[in-house]
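Peer 1: Listed here are the chains, written in short residue letters.
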Amino acid sequence: MRKLNESVSLRKICEAIDAPPPAGSDIVVLAMASLALAGAEELSFLADSRYKSSAANTMAAAVLIRAEDADVLPSACIPIIVPDPYLAFAKTAQMFEQLLARQDASPDDLPAISPLAVVSAEASLGDEVFVGPGTVVGEGVVLGDGVRIMANVNLGARSVIGARSIVHPGVTIYPDVTIGTDCQIHANTVIGSDGFGFARQGDRWAKIPQLGSVRVGDRCEIGSNTSIDRGALDDTVLGNDCIVDNLVQIAHNVTIGDGTAIAGCVGIAGSARIGKRCLIGGAVGIIGHLEIADDVIISPMTFIASSVREAGYYSGTFPVLKHPQWERVAAVLKHLPDLRSRLRQLEKLSRET
Amino acid sequence: MRKLNESVSLRKICEAIDAPPPAGSDIVVLAMASLALAGAEELSFLADSRYKSSAANTMAAAVLIRAEDADVLPSACIPIIVPDPYLAFAKTAQMFEQLLARQDASPDDLPAISPLAVVSAEASLGDEVFVGPGTVVGEGVVLGDGVRIMANVNLGARSVIGARSIVHPGVTIYPDVTIGTDCQIHANTVIGSDGFGFARQGDRWAKIPQLGSVRVGDRCEIGSNTSIDRGALDDTVLGNDCIVDNLVQIAHNVTIGDGTAIAGCVGIAGSARIGKRCLIGGAVGIIGHLEIADDVIISPMTFIASSVREAGYYSGTFPVLKHPQWERVAAVLKHLPDLRSRLRQLEKLSRET
Amino acid sequence: MRKLNESVSLRKICEAIDAPPPAGSDIVVLAMASLALAGAEELSFLADSRYKSSAANTMAAAVLIRAEDADVLPSACIPIIVPDPYLAFAKTAQMFEQLLARQDASPDDLPAISPLAVVSAEASLGDEVFVGPGTVVGEGVVLGDGVRIMANVNLGARSVIGARSIVHPGVTIYPDVTIGTDCQIHANTVIGSDGFGFARQGDRWAKIPQLGSVRVGDRCEIGSNTSIDRGALDDTVLGNDCIVDNLVQIAHNVTIGDGTAIAGCVGIAGSARIGKRCLIGGAVGIIGHLEIADDVIISPMTFIASSVREAGYYSGTFPVLKHPQWERVAAVLKHLPDLRSRLRQLEKLSRET
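Chains as they are written, first to last, in the working numbering: chain A, 1 to 353; chain B, 1 to 353; chain C, 1 to 353.
Hint data in this document are derived by calculation from the structure and do not stem from the laboratory.
Computed from a prediction, not measured in an experiment: that's the story for all the values here.
Certain hints may be false.
If chains are identical, the list can't say which one is meant, so a pair holds when it fits in one copy or spans any two.
Dumping the calculated DSS-like pairs for lysine-lysine here, alpha-carbon to alpha-carbon at most 30 Å [said to hold, decoys possible]:
no. : residue 1 : residue 2
1   : Lys322    : Lys276
2   : Lys348    : Lys12
3   : Lys334    : Lys276
4   : Lys3      : Lys52
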C-alpha cells in the first residue's frame with residue numbers, strides 16, 4: 001500500500017468525486033485500502049452489497065458505500081454515501097494517483113527527449129512530449145501533445161500516437177500503425193506485427209506480405225505482452241474505449257467495436273468482427289471470419305467456433321472434476337451418440353408394449 | 001490500405017506471377033484491396049469459390065480468380081485467370097511489398113551497423129548486415145550475409161543467424177541458439193530461455209540447468225511475443241519451413257517437423273515430437289513426451305493428452321451454449337457414468353420382459 | 001549438446017552430488033546427454049523406472065540410476081547409484097553449468113555497470129552488481145549484492161531486486177515492485193503492469209488506478225513473456241520458491257503460496273488465492289476471487305470456476321476425437337438434459353409395469 005506524505009481530508013475527496021461531504025469530513029486519510037487491510041489512516045469502499053457483512057468489522061476511517069448498506073459499518077467508521085461505490089472508488093483512486101505522482105515527481109520525469117533516444121529528424125513531436133532513453137522514433141512518426149513514450153520503445157516509421165497517450169517500456173509499434181488519444185499501452189506489447197498469412201506452395205509456404213496496418217481508437221488501454229497484428233490488405237481496427245488485458249492475441253483484420261473489454265489470454269483469429277460493448281472473458285478463443293453481435297458476454301475459456309448473432313451471455317466449458325471421476329465421464333462422453341440411440345430403441349420398445 | 005506513388009500495369013503483375021496477361025492489361029493499379037473495399041485503382045482476388053457471390057459487385061479494377069469463377073465478375077472488372085488465386089495473391093502482394101519498400105527507403109535503412117549498437121569484437125558479421133540502435137550482439141555471434149537485426153534486440157553469445165534472416169525489435173535470443181537462413185522473427189519474441197525443469201528437494205525446487213539449446217531451420221517465420229525454450233540436455237528443434245504465430249509456447253526439447261504451421265496461443269509441453277506438415281489450430285494445448293504423426297490437423301483449443309499416431313483431423317472442444325443451457329448440460333454431464341448404468345439396467349429389464 | 005573443454009572424473013561428480021563413487025570412478029566425461037544420445041564421453045540418467053528398458057542399449061559412459069534399476073545397464077556402462085536420479089541429475093547439471101560458465105567467461109561478463117546503462121544517481125547498488133547496456137535503473141532502485149541485470153532491462157523507480165537475482169534481457173519491472181533473493185526472471189517478462197481494473201461510466205470506462213504493487217519471494221523463477229500485474233490497492237504476492245513458466249498471466253491481487261509451480265500459458269484472474277505446493281498444469285484458467293487449497297494438482301487446460309477447497313488431483317477437459325466423431329458427440333451433448341428426462345420417464349414406466 002502506497003501512502004501519501006501529506007494527508008487529504010474527506011471533504012476534499014468528496015469534492016473531487018462529487019459526493020455530499022459526511023459529518024466528520026475534516027477527518028484526514030493517507031491511503032486507500034481494502035476493507036480487510038484498511039486502518040485508521042485509510043479510506044475503503046464496499047462495491048457489492050452481497051459482501052456487506054465483510055464491512056462490519058472494518059478498521060477503515062471511512063468507506064464509500066451505498067445508502068442502503070451504510071448501516072453495516074461500525075460506528076467509528078464514517079460512511080460516504082454514493083450511488084455507485086465502484087465508480088466512486090475509481091475516481092478517488094485517480095485522485096490518489098495524481099497526488100502520489102506529484103509526490104514522486106523528479107527531474108527525470110519532466111517532459112523531455114532523452115539524449116539517449118534515437119529520434120528521426122523527420123519525426124514530428126507535439127508539445128510536452130517525453131521520450132525515454134533507448135527509445136527509437138522512426139521517420140515520419142507523429143507524436144501528439146503530452147505523449148509519453150517510456151524507455152526502450154520502438155516506434156516504426158510513420159506511426160502516429162495521439163495526444164496524451166502513454167507507451168510503456170519495451171513496446172514495439174511497427175510502421176504505419178495509428179494509436180488514438182488518451183491511450184495507454186503496457187510494457188512489451190507489440191502492435192502491427194505481420195498477420196499469420198501464408199499460402200501453400202508445394203512443400204513450402206509462400207508468405208503473404210501484410211500490407212494493411214492497425215488503427216486503435218481513442219481512450220483504449222492495452223495490457224502487457226499483448227500482440228495485435230497488422231491487416232493483410234485492409235487494417236486491423238480497435239474502436240474507441242476498448243480495453244484489452246495482458247497476453248491477448250488479436251490477429252490480422254480483426255475489428256473490435258467501441259467499448260468492448262477483452263480479458264487476459266484471449267485469442268481472436270483473423271477477420272473476426274467483434275461488436276460493441278462486449279465482455280470477452282479470459283482465455284476465450286474466437287475463430288476467424290465470424291461475427292459477434294453487440295453486447296455479447298462470453299464466459300472465460302469458452303471456444304467460439306461460429307457467429308454469435310444475438311446479444312446475451314454464452315458459455316462452453318467442461319466442468320472440473322476430481323481426476324478419477326473425470327476419467328469416467330470422459331470415457332462415457334465418447335459414447336454419447338450410442339447412448340442416445342439405445343435410449344431411442346428403448347423408447348420405441350416401450351411405446352410398442 | 002497503402003498505395004504506390006507510381007502505378008503498375010496488370011501486364012507487369014502478370015509477368016511477375018506467371019499468369020497470362022488479360023485483355024486490358026495496360027490498365028494500371030496502385031494498391032491491392034479486399035473485394036469489398038477495392039476501387040478502380042485496386043486489384044483484388046477471390047480465393048474461395050464458395051464466396052463467389054461476394055465478387056459480383058466488386059468495384060476492383062481487376063481480380064485474381066479461377067477460370068470457373070470468372071463469370072461472376074461485373075463486366076467493368078478484368079479477370080486475371082490463375083489456377084490458385086490465393087497463391088497468386090501471395091506473389092502479387094510480395095511484388096507490391098517490394099515496390100512499397102523501395103518507395104519508403106530512406107538512408108536510415110541502409111545496410112549499416114548503428115553506432116548505438118553494442119557489437120562484440122568477437123562477433124562475425126557477413127556482408128550487407130544491418131544492426132539497429134540499442135541492439136547487443138554478443139561474443140562469438142555469427143550473422144550471415146544480408147541479415148537485418150532491428151533495434152533493441154539482444155543476441156546472446158555464440159548465437160548464429162543465417163543469411164537474409166530478419167529479427168524484429170525487442171527480440172531476445174539467448175546464447176548458443178541457431179537460426180537458419182531466410183527466417184523472420186517478430187518483435188519481443190524470446191528464443192532460448194531456460195526450459196521449465198526443476199526437481200523437488202524437500203520444500204524447495206532444485207533447478208535443472210538447461211544445457212541444450214534451440215535450432216531453428218531455414219525459411220521459418222516466428223510471430224511476436226512467442227517463447228521457445230532451450231533444451232535440458234539435447235536441443236529444442238524446429239525443422240525447415242515451420243511457421244509459428246504469436247504468443248506460442250514451445251517448451252524444452254520439443255521437435256517440430258518440416259512445414260508444420262502453429263497458430264497463435266498454442267502451448268506445447270516438453271519433449272513433444274510434432275510431425276511434418278501438421279496444422280495446429282490456435283490455442284491448442286499439447287502435453288509433453290508424446291508424438292504427433294505427420295499431416296495431423298488439430299482444431300483450435302483442442303487438448304492433446306496422448307499421442308496422435310495417424311494423420312487426420314482431430315477436435316475436442318465443448319460446444320458454446322447460452323449460459324443457462326450450459327449450466328444444465330454441465331450439471332448432467334457429471335452424471336454421465338450414472339446415466340449409462342441406468343440405461344444398461346433398463347436394457348437388461350427390457351430383454352428380460 | 002555443449003561439451004566441456006576439460007573432462008571431469010566420475011569421482012569428482014560423485015563428490016559434488018554426494019553419491020558413493022562407483023568402481024571405475026576415474027573414468028572421465030565431457031558432457032551430459034539423454035540416454036538415447038549419450039556416447040562414451042557422456043553421463044546420463046534414468047529418472048523414471050517405468051522407462052527402464054530405454055536404458056538397456058545406452059552408449060553412455062555412466063548413468064545416474066536407482067539401485068533396483070541398475071541391472072538394466074549394459075556391462076560397459078557404469079551405474080552411479082542414487083536414491084533420486086532426477087535430483088542427482090539436477091545437481092550434476094548445476095555442476096556442469098558452472099564449469100561451462102567458467103569456460104565461457106569473458107571480460108564482458110565481469111561484474112560491472114555498462115557505460116551504456118542509465119543508472120539513476122539515486123539508485124543503490126550492492127557489491128559485484130552487473131548492469132548491461134541499454135538498461136535503465138530508476139530513481140530509488142535497490143539492487144542487492146551479486147545482482148545481474150542484463151541488457152535493455154527497465155527497472156522502475158523504487159523497485160528492489162534481492163541479492164544474487166538475475167534479470168534477463170528485455171524485462172520490464174514497473175515502479176515499487178519487490179523481488180526477493182536468488183530469483184531468476186526470464187527475457188521480456190513484465191512485472192507490475194497495471195491490473196485490469198475499470199468501472200463502467202456510461203459508454204466509457206473509468207480507469208481504476210492500480211495503487212498496489214507486486215512482491216515476489218525468495219528463490220522464485222519466472223519464465224519469459226510472462227505478465228504479473230500490480231495490485232489495485234493491496235499487492236499481488238508470490239511466496240518463496242514459486243516457479244512460473246512462460247506466457248503466464250497473473251492478474252492483480254492474486255496471491256500464490258510457497259513452493260507452487262505454474263506451467264506455461266496459465267491465466268489466473270484477479271484476487272485468486274492459490275495455496276502452497278500446488279502444481280498448476282499448462283494453460284489452466286482460474287477465475288478471480290476464489291481459493292485453491294494447498295497441495296492441489298490441476299491437469300493442463302482445466303478451467304477452475306469455483307474454489308477448490310480440498311487437496312487432490314483435478315481435471316476438466318474435453319477428450320480429443322476424430323473430427324466427425326467429435327461433431328456427433330458435440331451435437332448430442334447439447335441435449336443431455338433432455339436425454340436424462342427421457343431416461344427418467346422410461347425408468348418410471350418400467351417401475352409401473
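Peer 1: Within a copy, between copies, both or neither: where do Lys322 and Lys276 come within 30 Å Cα-Cα?
Peer 2: Between. Shortest inter-copy distance 19 Å satisfies the 30 Å Cα cut-off; intra-copy 39 Å does not.
Peer 1: At 30 Å max between alpha carbons, let me know whether Lys334 reaches Lys276 within a copy, between copies, both or neither.
Peer 2: So Lys334 and Lys276 pass the 30 Å test across copies only (28 Å; inside, 38 Å).
Peer 1: If the cutoff is 30 Å on CA atoms, where do Lys348 and Lys12 land: within, between, both or neither? Let me know, please.
Peer 2: Neither: 76 Å inside a copy, 70 Å across copies.
Peer 1: Between Lys3 and Lys52, at a C-alpha cutoff of 30 Å, which is it: within one copy, between copies, both, or neither?
Peer 2: within (26 Å within a copy, 60 Å between copies)
In this structure, only the earlier hint numbered 2 is contradicted, and the remaining ones agree with it.
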